[in-house]
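J.: Single-letter residue listing:
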Amino acid sequence: MANLAVSDSEKTFIIHGVEDNLRCDGRGCLDYRHIELELGAAPNCSGSSHVRIANTDVLVGIKAEIAAPDHAAPDRGRIEFFVDLTANADPEFEGTGGDELGQQIAGALAEAYVSKRFLDLSSLCIVKNQQVWVLFVDILILELGGSLYDAVSIAVKAALYDLRIPKLTVSIGEDGKPEIEVSDDPHTQEPLAIANVPCFVTLSKIGSQFVVDVSQEEAECSTVNMCCAIAPNGRMATTMKTGVGSLHPDSLIEALQLAQEIGVALHKALHKQFVKAQELSGRTNGFLL
Amino acid sequence: MNLGSDRKTRVAASVPYQRFMVRPREPEKEFCKRKDGRRDEELRPRIFESGLVSDASGSGYVEQGSTKVVAAVFGPREVTRRKEFSLKAQLRCVFTFEPFATPGGRQENISLLEQRYSSWLEESLKPVVQLRRYPKASIDIRVTCLENDGGVLAAALTACGIALATSGIETFDLVIGVNLRAHGDRVLMDPSHAEEDAAPSREGTYGNVTLGFMPVLCQITGLLQTGDSEPATLCQQISSLIKIAHGVKPLMEECLIDLGKLQEKLSEVQM
Amino acid sequence: MSADIDVRLFSSRSRSKSLADESEFMGTRAKIVVSPGTTITTDGGFMRGHGTYLEDENGLLSAVAGVVEKVNKLITVRPLKTRYNPEVGDVVVGRIVQVCQKLWKVDVGGRLYAALHLHSVNLPGGELRRKSIEDELLMSQYLIDGDLVSAEVQNVGVDGAVSLHTRNLKYGKLGQGSLVQVSPSLVKRCKTHFHNLPNGVHLVIGLNGFLWITHEGEAESSHFAQNLERVDYHTRESICRTRNVIISLSRYNIMLYDTTILYAYEISTDYSIAQLLKPEIQMEVAHLTRQKLQLEG
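Residue numbers (my numbering), protein chains in the order written: chain A, 1 to 289; chain B, 1 to 271; chain C, 1 to 297.
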């Protein structure tokens with residue numbers, strides 16, 4: 001993450017503010033800044049979305065392709081994540097500078113989506129053992145202003161909501177091999193069941209308190225974050241500690257509970273807007289409006 | 001197909017023969033008994049060793065069942081690739097799987113896993129080392145997994161803990177890695193590779209939890225949970241992992257103190 | 001539990017109607033806005049100022065997008081958006097980025113880092129003396145990377161290199177508070193840039209677009225020594241509100257000086273502080289402030 005110099009006195013001010021539950025921008029510890037989203041931001045993809053939380057700007061495009069399945073799971077589709085941190089977000093990401101962070105995010109997402117309880121990929125199977133849908137999720141980070149994991153996971157969920165996979169008809173050819181025919185009628189395209197897809201909730205510890213959606217200044221005051229992938233039903237797909245600090249078990253317990261509550265609320269709020277956004281999908285007004 | 005794709009989907013030139021084995025998919029049996037006859041909370045026999053890598057400032061070797069991991073600490077030394085002035089030491093950790101470490105064929109996306117493990121270890125070790133004592137220096141830790149039979153990440157962290165302790169680098173505490181596999185209502189401590197990868201139970205909690213823990217300061221330095229869980233369950237699991245870590249600590253101390261004795265003897269001989 | 005999470009759509013962003021208002025507001029004095037390459041005049045009798053260049057056939061051309069200004073025979077184009085252009089005597093707020101020998105490098109949002117020489121600061125204790133080698137060694141104890149200072153521009157070199165000084169008790173290291181960065185062109189040049197607002201907030205409006213918001217107690221406390229005292233809740237509220245108000249005003253391009261900030265602060269009291277982060281409320285506040293300014297001005 002972009003390094004921002006913050007003086008010790010400013011840090012003191014921020015930490016005291018968190019203790020008083022009044023952060024620099026007037027939010028309480030557990031308040032998100034407003035989240036903006038749109039679906040269908042990239043019409044060349046099967047599903048796409050654009051999410052902005054304050055200064056964090058994420059664009060996600062999903063392309064569906066057909067490939068051979070993983071031999072460990074012959075009857076399930078695959079989902080693969082690629083994160084591209086542009087040099088717009090931080091000059092440090094130029095060239096290969098953003099790869100490490102990108103892979104960390106991609107790995108965390110893959111971990112959150114691995115279980116079929118959260119995303120059932122068996123509907124993406126075309127011919128068992130031979131052909132399945134593979135979803136290539138390309139995540140582009142245009143701007144960086146804190147809450148990266150949260151923003152990325154929201155954008156991915158939105159893009160999955162927007163995803164439409166063309167219907168296929170499989171027939172057995174003369175040589176006994178299956179033949180695939182793609183319907184070109186857009187109305188037969190099918191959405192993916194994403195009711196249980198998790199989102200990340202990141203809690204950063206500032207002073208003795210946990211805070212969500214930290215700004216960059218606040219991130220400088222925190223040494224340890226808990227990243228929890230929370231599903232809409234409140235279950236956790238993955239949890240990890242990030243950052244250079246350590247935690248007492250008691251505060252960990254507190255963090256997990258907070259994350260669950262916030263996660264459930266977040267999903268509720270998101271879903272409402274997804275439905276609305278669906279109607280407007282593709283009618284973008286350009287990026288920065 | 002896939003010409004000029006920038007995605008790392010290489011067309012595999014060879015395929016591991018295991019793919020063609022007619023494997024009776026193990027029925028989703030209830031783990032009535034663990035394969036090696038252990039009780040659920042029982043750990044596999046472990047061996048801690050230090051000083052295996054002679055070139056390093058400190059090194060640790062951990063055997064956990066048949067999982068084998070070597071860690072070596074290099075430094076603190078001058079930073080070669082200076083990024084910026086810093087009052088703290090830079091700590092870097094590189095984790096690698098040997099090609100023969102994993103069963104089956106050579107894994108294609110193993111490097112992604114390695115990078116993920118590297119960064120997890122790095123973040124779990126940073127709270128342990130007193131980085132402020134070594135301004136402008138860099139500390140490098142290389143971790144190699146020789147055999148993977150479950151709990152690699154936990155074993156690697158323990159190995160790093162031993163390596164750091166023997167390197168003479170100032171730390172706050174020992175660090176111990178422990179892990180478990182949740183399977184429905186059952187909690188299997190120190191699972192084997194097969195147990196880690198077992199198909200999830202139909203419903204209820206499942207998944208792997210790995211914890212890095214400093215026993216004296218009672219601080220969690222690293223946590224990675226995967227699968228499907230709930231906060232309350234996870235909290236319970238963490239507290240049982242902490243208990244296990246406390247149980248492992250004497251073993252680790254024994255290994256470290258042994259080395260101390262050895263060096264004492266050595267210096268006597270030299271005198 | 002946290003308040004509702006506000007998720008909204010990009011398409012529901014209201015088109016900023018402020019643009020239309022602005023032209024009305026600006027209409028009092030007709031200004032010519034030019035884009036790069038626009039011919040300003042072909043009359044040879046004018047002098048070439050900043051933001052313009054001469055070409056034989058086309059006469060005087062603009063080099064930036066901005067507003068044409070004429071002073072006697074001199075034509076300049078003031079860019080709409082610009083890095084900070086320092087002038088001697090400017091009050092600025094900056095952040096230390098590097099401690100060098102005998103000087104600190106300060107980021108003031110200009111093209112280059114400004115230099116704050118050891119001999120142009122008042123060291124703690126306040127006595128005026130030559131700085132010794134010991135002082136040089138102790139430099140990083142006075143100010144270190146990341147610290148904020150308020151200072152005055154002492155000198156601007158030919159190459160644009162800036163040196164600052166803090167040889168006045170009102171300048172120096174800044175303690176607890178919050179920094180807001182806005183475009184320098186939004187800061188109005190005033191008689192004083194240090195304000196004690198009636199709500200207990202002390203405000204330093206740097207001409208470089210860095211605004212420092214703190215409370216009166218902090219402003220009076222001694223510099224250099226770090227103050228760990230807790231800011232009381234009420235004061236903190238005022239500081240946070242002022243911060244959000246300034247951000248709202250800057251987003252809708254309203255000049256920043258004590259009057260506008262105070263007006264907007266009064267108007268904003270209808271809303272909670274956190275509400276001021278939402279674009280529609282920011283617009284409302286900015287709009288009402290502008291109206292009030294027109295009425296009073």
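It should be emphasised that the hints constitute simulated quantities derived from the structure, not laboratory data. Ideal Cβ placement from N, Cα and C applies to all residues, glycine included. Please note that a few of the clues may not be correct.
Said to hold, decoys possible - Covered stretches of chain C (chain A as the covering partner; in silico rule of three or more C-beta atoms under 8 Å from a C-beta of chain A):
(1) 145-159
(2) 175-184
(3) 240-254
As the list claims (entries may be wrong) - In silico DSSO-like links for lysine-lysine, alpha-carbon gap of 30 Å or less:
(4) A:K268 with C:K191
(5) A:K11 with C:K292
(6) C:K70 with C:K170
To be verified - Derived CB-CB ranges, DEER-like:
(7) C:E134 with B:N109: 54 to 62 Å
(8) C:E216 with B:E253: 19 to 27 Å
(9) C:S183 with B:L112: 24 to 32 Å
(10) B:P135 with C:D159: 54 to 62 Å
(11) B:N109 with C:K188: 56 to 64 Å
(12) B:L112 with C:K188: 36 to 44 Å
(13) B:I257 with C:E216: 56 to 64 Å
(14) C:A161 with B:P135: 57 to 65 Å
(15) B:R39 with A:K128: 33 to 41 Å
J.: Which earlier hints can't be squared with this structure?
T.: Of the numbered hints given earlier, those the structure breaks are 4, 5, 6, 8, 9, 10, 12 and 14, listed in rising order.
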